[in-house]
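Visitor: Chains as they are written, first to last, in the working numbering: chain R, 318 to 527; chain G, 318 to 527.
Keep in mind the hints are simulated off the structure, nothing from the lab.
All of these numbers come straight from a predicted model, not from anything done at the bench.
You may find that some hints are simply not true.
Since the list gives no way to pick out one identical chain from another, each pair is judged satisfied if it fits inside one copy or across any two copies.
Only pairs whose alpha carbons sit at most 27 Å apart, straight line, appear in this in silico DSS-like list of lysine-lysine [as the list claims (entries may be wrong)]: (1) 506 - 445; (2) 507 - 445; (3) 323 - 436; (4) 379 - 436; (5) 481 - 507; (6) 320 - 481; (7) 427 - 377; (8) 417 - 339; (9) 338 - 436; (10) 427 - 468; (11) 379 - 323; (12) 445 - 323; (13) 445 - 338; (14) 492 - 343; (15) 481 - 427; (16) 506 - 492; (17) 320 - 436; (18) 468 - 343; (19) 468 - 492.
There are 2 protein chains.
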Amino acid sequence: MGKIIKDLNWRYATKYFDNTKKVSTKDLETLLEATRLSASSYGLQPYHIYVIEDEEIREKLKSASWNQSQITDASHLIVFTIKTSFGEELIDEYIENVIKTRAVEPQSIKGYSDFMKSKLMFLSAEEKNNWTTRQAYIALGNVLTVAAHLKIDTCPIEGIVSEKYDEILGLTQKKLSAVVALPIGYRSKKDDTQHLPKVRYSKEKLFTHL
Amino acid sequence: MGKIIKDLNWRYATKYFDNTKKVSTKDLETLLEATRLSASSYGLQPYHIYVIEDEEIREKLKSASWNQSQITDASHLIVFTIKTSFGEELIDEYIENVIKTRAVEPQSIKGYSDFMKSKLMFLSAEEKNNWTTRQAYIALGNVLTVAAHLKIDTCPIEGIVSEKYDEILGLTQKKLSAVVALPIGYRSKKDDTQHLPKVRYSKEKLFTHL
Numbered sequence: 318m319g320k321i322i323k324d325l326n327w328r329y330a331t332k333y334f335d336n337t338k339k340v341s342t343k344d345l346e347t348l349l350e351a352t353r354l355s356a357s358s359y360g361l362q363p364y365h366i367y368v369i370e371d372e373e374i375r376e377k378l379k380s381a382s383w384n385q386s387q388i389t390d391a392s393h394l395i396v397f398t399i400k401t402s403f404g405e406e407l408i409d410e411y412i413e414n415v416i417k418t419r420a421v422e423p424q425s426i427k428g429y430s431d432f433m434k435s436k437l438m439f440l441s442a443e444e445k446n447n448w449t450t451r452q453a454y455i456a457l458g459n460v461l462t463v464a465a466h467l468k469i470d471t472c473p474i475e476g477i478v479s480e481k482y483d484e485i486l487g488l489t490q491k492k493l494s495a496v497v498a499l500p501i502g503y504r505s506k507k508d509d510t511q512h513l514p515k516v517r518y519s520k521e522k523l524f525t526h527l
Numbered sequence: 318m319g320k321i322i323k324d325l326n327w328r329y330a331t332k333y334f335d336n337t338k339k340v341s342t343k344d345l346e347t348l349l350e351a352t353r354l355s356a357s358s359y360g361l362q363p364y365h366i367y368v369i370e371d372e373e374i375r376e377k378l379k380s381a382s383w384n385q386s387q388i389t390d391a392s393h394l395i396v397f398t399i400k401t402s403f404g405e406e407l408i409d410e411y412i413e414n415v416i417k418t419r420a421v422e423p424q425s426i427k428g429y430s431d432f433m434k435s436k437l438m439f440l441s442a443e444e445k446n447n448w449t450t451r452q453a454y455i456a457l458g459n460v461l462t463v464a465a466h467l468k469i470d471t472c473p474i475e476g477i478v479s480e481k482y483d484e485i486l487g488l489t490q491k492k493l494s495a496v497v498a499l500p501i502g503y504r505s506k507k508d509d510t511q512h513l514p515k516v517r518y519s520k521e522k523l524f525t526h527l
């Protein structure tokens, strides 16, 4: 079925990273560019992404992640944060970007701007957070696949204490909040789970064709 | 930066599909196998996926999707549905699969099973739905990337009336609920949006390096 399926079979949630191996600048640039190109609702990208190498910060974040060693042993730690309780500025900033990138007349996309605002501004704070988190998860799914394609190991970690991440990274005053962490790097030889067969629903159980 | 970045730049939310072009059986198989290999929390894959070619059903779903033409014009419609108000059976089924796939002794993973149950069984119905939806979105992000890699066009549609989808597909009695729809196929030449430059945050705006 080709390389991409081989890559996805090769991927697994890495339990132990080799802390002597670093992702190259070139591969990191590719991975981040892929992240930047992720799809999102209306193209709004309602998130901000931290790429953390600093050891001291990672040591603190580890204690806010049930002491999972991947946080500090991986080459880099990517932290997806969502824009909490966003206002009209999220759409205005996007519209400005459209005007600049596509050289369109502001008046010609006023209707689209109003449409987005009518859809998003009346959501509750909780609904907004659920929506922004889902957009971050599209990016996460994309990054996991592209990383595997580049033979970079990953381990998505939902088990983080968001409030502590927000405090350590100073996110609250920036109206951001951490939703998921992704150590990236290279698997350690001592990680036995890499040899285990993948557990997945059969296609008969996962799909219904109509 | 290589083919994968080219693929992601080529991707866009397709507004008009060419309704004369079908995704080949081989490519569809690859795309679904990639979907099946998506990462999910604990590997539980708490969703079920519909792959719909039937024209009559799609006509009905279109009316539950603000009449967006992609629903019927695309080659296939993929509908991600989540397992609503799941119980211990979700974990039990996974554990059975682990025992079978990895030939382990049931007793040796009892602790892991109990751990997952302690994490998931006490979530409220709403928290469960948010969690399952996030897992479906990881799969969505993966599929968007793999589709682009196969030069298959897509258009993720969050603007669906879930209740109507659930009724049309008979999901409620199966304890499923539709969360997002994904038409797949090939862009029509008449879709002018394919020529527009992509609007994205600059890397300076999207990332913070620490």
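Visitor: Each hint needs a verdict: does it hold in this structure or not?
Guide: For each hint, the structure was consulted:
1. Taking identical chains as interchangeable, the C-alpha atoms of residue 506 and residue 445 are never at most 27 Å apart, the minima being 42 Å within one chain and 35 Å between chains.
2. Taking CA atoms no more than 27 Å apart as the test, residue 507 paired with residue 445 passes in neither setting, with 42 Å inside one copy and 34 Å between copies.
3. In this assembly of identical chains, the alpha carbons of residue 323 and residue 436 never lie at most 27 Å apart, being 40 Å within a copy and 32 Å across copies at closest.
4. For a Cα distance limit of 27 Å, the shortest separation of residue 379 from residue 436 across copies, 20 Å, qualifies, whereas the shortest one inside one copy, 38 Å, does not.
5. For a Cα distance limit of 27 Å, the shortest separation of residue 481 from residue 507 qualifies neither inside one copy, at 30 Å, nor across copies, at 50 Å.
6. In this homomeric assembly, residue 320 and residue 481 never come within 27 Å of each other (Cα to Cα): the closest approach is 39 Å inside a single copy and 38 Å across copies.
7. Taking CA atoms no more than 27 Å apart as the test, residue 427 paired with residue 377 passes in neither setting, with 45 Å inside one copy and 32 Å between copies.
8. In this homomeric assembly, residue 417 and residue 339 never come within 27 Å of each other (Cα to Cα): the closest approach is 37 Å inside a single copy and 36 Å across copies.
9. Taking the shortest Cα distances, residue 338 and residue 436 never come within 27 Å of each other, neither inside one copy (45 Å) nor across copies (33 Å).
10. Taking the closest pair of Cα atoms, residue 427 and residue 468 never come within 27 Å of each other, the shortest separation being 44 Å inside a single copy and 33 Å across copies.
11. Taking the shortest Cα distances, residue 379 and residue 323 never come within 27 Å of each other, neither inside one copy (31 Å) nor across copies (35 Å).
12. In this assembly of identical chains, the alpha carbons of residue 445 and residue 323 never lie at most 27 Å apart, being 37 Å within a copy and 32 Å across copies at closest.
13. In this assembly of identical chains, the alpha carbons of residue 445 and residue 338 never lie at most 27 Å apart, being 38 Å within a copy and 37 Å across copies at closest.
14. Taking the closest pair of Cα atoms, residue 492 and residue 343 never come within 27 Å of each other, the shortest separation being 31 Å inside a single copy and 46 Å across copies.
15. In the homo-oligomer, the alpha carbons of residue 481 and residue 427 never lie at most 27 Å apart, since the shortest distance is 40 Å inside one protomer and 31 Å across protomers.
16. Neither within a single protomer nor between protomers do residue 506 and residue 492 lie at most 27 Å apart by alpha-carbon distance, with minima of 40 Å and 42 Å respectively.
17. Taking identical chains as interchangeable, the C-alpha atoms of residue 320 and residue 436 are never at most 27 Å apart, the minima being 40 Å within one chain and 36 Å between chains.
18. In this assembly of identical chains, the alpha carbons of residue 468 and residue 343 lie at most 27 Å apart whether taken from the same copy (13 Å) or from different copies (25 Å).
19. Taking CA atoms no more than 27 Å apart as the test, residue 468 paired with residue 492 passes in neither setting, with 34 Å inside one copy and 37 Å between copies.
The structure shown violates the earlier hints numbered 1, 2, 3, 5, 6, 7, 8, 9, 10, 11, 12, 13, 14, 15, 16, 17 and 19.
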